[in-house]
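Protein chains in written order, with the working numbering: chain C, 1 to 127; chain U, 1 to 127; chain F, 1 to 127; chain A, 1 to 127; chain P, 1 to 127; chain E, 1 to 127.
A few of these clues could be false.
Pair ranges (Cβ atoms, derived) [to be verified]:
# : chain 1 : residue 1 : chain 2 : residue 2 : range
1 : U       : ASN14     : P       : GLN85     : 34 to 44 Å
2 : C       : ASP55     : A       : SER127    : 52 to 62 Å
3 : C       : GLN85     : P       : ASN14     : 51 to 61 Å
4 : U       : GLU91     : E       : LYS124    : 21 to 31 Å
5 : P       : LYS39     : F       : GLU91     : 31 to 41 Å
6 : P       : THR46     : C       : TYR22     : 31 to 41 Å
7 : A       : LYS124    : E       : ASN43     : 26 to 36 Å
8 : P       : ASP73     : E       : THR46     : 46 to 56 Å
If you are wondering where the hints come from, they were derived from the structure by calculation, not from laboratory data.
Backbone N, C-alpha and C define an ideal beta-carbon position, used for all residues, glycine too.
There are 6 protein chains.
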Amino acid sequence: MLLETKKEKKMQNNPVEEFNAYREKMNEKLLSDNNKLIKRIFNLDTNAYMEGALDVKTKELLGLVASAVLRCDDCIAYHLQTAHQLGVKKEGIMETLGIATLVGGTIVVPHLRRAYSFWEALEKNNS
Amino acid sequence: MLLETKKEKKMQNNPVEEFNAYREKMNEKLLSDNNKLIKRIFNLDTNAYMEGALDVKTKELLGLVASAVLRCDDCIAYHLQTAHQLGVKKEGIMETLGIATLVGGTIVVPHLRRAYSFWEALEKNNS
Amino acid sequence: MLLETKKEKKMQNNPVEEFNAYREKMNEKLLSDNNKLIKRIFNLDTNAYMEGALDVKTKELLGLVASAVLRCDDCIAYHLQTAHQLGVKKEGIMETLGIATLVGGTIVVPHLRRAYSFWEALEKNNS
Amino acid sequence: MLLETKKEKKMQNNPVEEFNAYREKMNEKLLSDNNKLIKRIFNLDTNAYMEGALDVKTKELLGLVASAVLRCDDCIAYHLQTAHQLGVKKEGIMETLGIATLVGGTIVVPHLRRAYSFWEALEKNNS
Amino acid sequence: MLLETKKEKKMQNNPVEEFNAYREKMNEKLLSDNNKLIKRIFNLDTNAYMEGALDVKTKELLGLVASAVLRCDDCIAYHLQTAHQLGVKKEGIMETLGIATLVGGTIVVPHLRRAYSFWEALEKNNS
Amino acid sequence: MLLETKKEKKMQNNPVEEFNAYREKMNEKLLSDNNKLIKRIFNLDTNAYMEGALDVKTKELLGLVASAVLRCDDCIAYHLQTAHQLGVKKEGIMETLGIATLVGGTIVVPHLRRAYSFWEALEKNNS
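With the rest of the complex left out, here is chain C:
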């Protein structure tokens, strides 16, 4: 239990781990629940971002800008993480988020602030 507390404490200081832990726990529950439609949508989601006519980096940025204009913080965090793992540079991320703010308007700005915080956490985790 002491370990548990330490782990929880660590996560609170680490938004990336906290995000991934909750996301994975709940996705597992959703998928074990045997609703075919939801399972298939999750399955599509995995395939949609694979290499095709467009490369994976471009596809992640497409997912990022779509998430940003639709103002979905968790979706933004997810695509930031994957883009970070693929080696997308901060300049490309910022240009993508800039286009999102232009197309989606200043209501995107609060999400931009949280996206920036999350990207900092991704870089910090990696260093």
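Following the hints, position chains U, F, A, P and E against chain C.
Just chains U, F, A, P and E now, with coordinates in the frame of chain C:
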């Protein structure tokens, strides 16, 4: 004051009670504020989900799917709670949320995770 | 070519046929285009509204209310048509659209007007 | 019947009359349909824009900016018309639509173009 | 460090200060990041609400209603704060939020509750 | 005047020309209207899609996916046209629109149909 602390602590461990406590406290304030338009909208909201050509269970599911595609966590929580009180089974809830995710897209998924957590809390409270 | 013109003229006077003709023509093109992701989403859409824990009528109304709050005229028309074929009565349709207008606000009203026109056309076609 | 044709022709050249004719015809049908919820929402809509702590011109501009960021052409047209009748000047309209485009993003721009066309028609009708 | 802790504690009890602190910290980072597009959008945002054909109070209410129908809590908080500084009375705020709830629907209600809490904090800070 | 009629007739058979003609005519009016905020937003829009850390083709696809999930037909048409001029292949367009449909849901499908029609018109104009 000690009791207050205990009550607050209990609520933090119980998302259903926490949600209801804040909702009721603020609704009371909003309604005591004497803005006719807001009062009437609240009044409509109470009447809209009553038995009519459609039964109350169906109407709650309509409220749930509308809340889910519009990605309003508090609205989802409210309709989950009412549906739970009316005896709607988990399978019906999941099919409703599945349609919401198909129609509204994968940006609904983070709300699906939180909806699942809230439903678990409702079932736990009831057991 | 003369026949074509007559057919086109007839469609302009019949919003239901016009809607279905364009929808089917373009869906065929989209599906023949060999994009796996789009094909699979279309496939999911067919399966999502089939009988399950919830009956088909309820599911069509869920699709209708989701389409209405998201203000998608073509999606509304599609679900109105299917609901009409399943024998859903006008009162149930109106209650569903009423909930959509309450949850989604008065910006839903213009779509309500067009939905009412389309329902009239469905009833007229059937008489 | 000849008169009817002339009237219809005139409307096609007059977007303001065309908009009002369809709107009134369908609102009448919706209200005669005896759905209490929809009737009450229509009733609220009439009362919401009446003089209160804020004057009627300000309220119409609030309705206009809300309609513009939610990208509802018919709602924009309606508030433009009422604002025009109340004597709001074009400069105030443009500042309102400018804020809408900033807050709501460049996806508001196509609605801005159509709003401008409709305002021109309102001014032409009045001259 | 003790002072830091005290300051952080104070902020947690003061939603206005907490909001402003995070907002300012992240805006600074975003602006120092040298992305021209984002910088210019921030710049536009400052100019858009200045006196023009419409006065500053009206413009803040336009920003508030746009933020409310688009359901952006941080944007609502920002415009509430500026309106409060400009001396807008609670009645005008409530009428603005009432119109937002009518136009945007009952999904705006949870944001209405949080807006009311934030306004209370603004008034408390000021007293 | 006879030429005018012929030109108008041609445009009705050519959705690309029709779209561009109305867009240019109204943009000119909006820009000549001397509203600084709107002028600057238009100006930003021109600069946002220029070569930077990301190349112009990628940026157009970002604009396209953002427009598609926000369901703005005119914005989709604009980015399809620019992408077509830059030599983006149909496969890349379809993958982009596929991601939009997954992230934004089946309510994107009617816009997908219209996007496909517009792309066909672009290819036909070019052949």
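Hints versus structure:
With their beta carbons about 38 Å apart, ASN14/U and GLN85/P fall inside the hinted range of 34 to 44 Å. Our hint of 52 to 62 Å for ASP55/C and SER127/A holds, since their Cβ atoms are close to 57 Å apart. For the pair GLN85/C and ASN14/P, the beta carbons lie near 38 Å from each other, so the given range of 51 to 61 Å is not met. Distance hint check: the CB atoms of GLU91/U and LYS124/E are about 49 Å apart, inconsistent with the given range 21 to 31 Å.
Distance hint for LYS39/P and GLU91/F: a CB-CB separation of about 56 Å, inconsistent with the stated range 31 to 41 Å. Taken as a hint, the range 31 to 41 Å holds for the pair THR46/P and TYR22/C, whose Cβ atoms sit roughly 37 Å apart. In this structure the hint that LYS124/A and ASN43/E lie 26 to 36 Å apart at CB holds, the actual value being about 29 Å. Under the hint 46 to 56 Å, the C-beta atoms of ASP73/P and THR46/E, about 32 Å apart, miss the expected range.
Hint compliance for this structure: hints 3, 4, 5, 8 are broken, all remaining hints hold.
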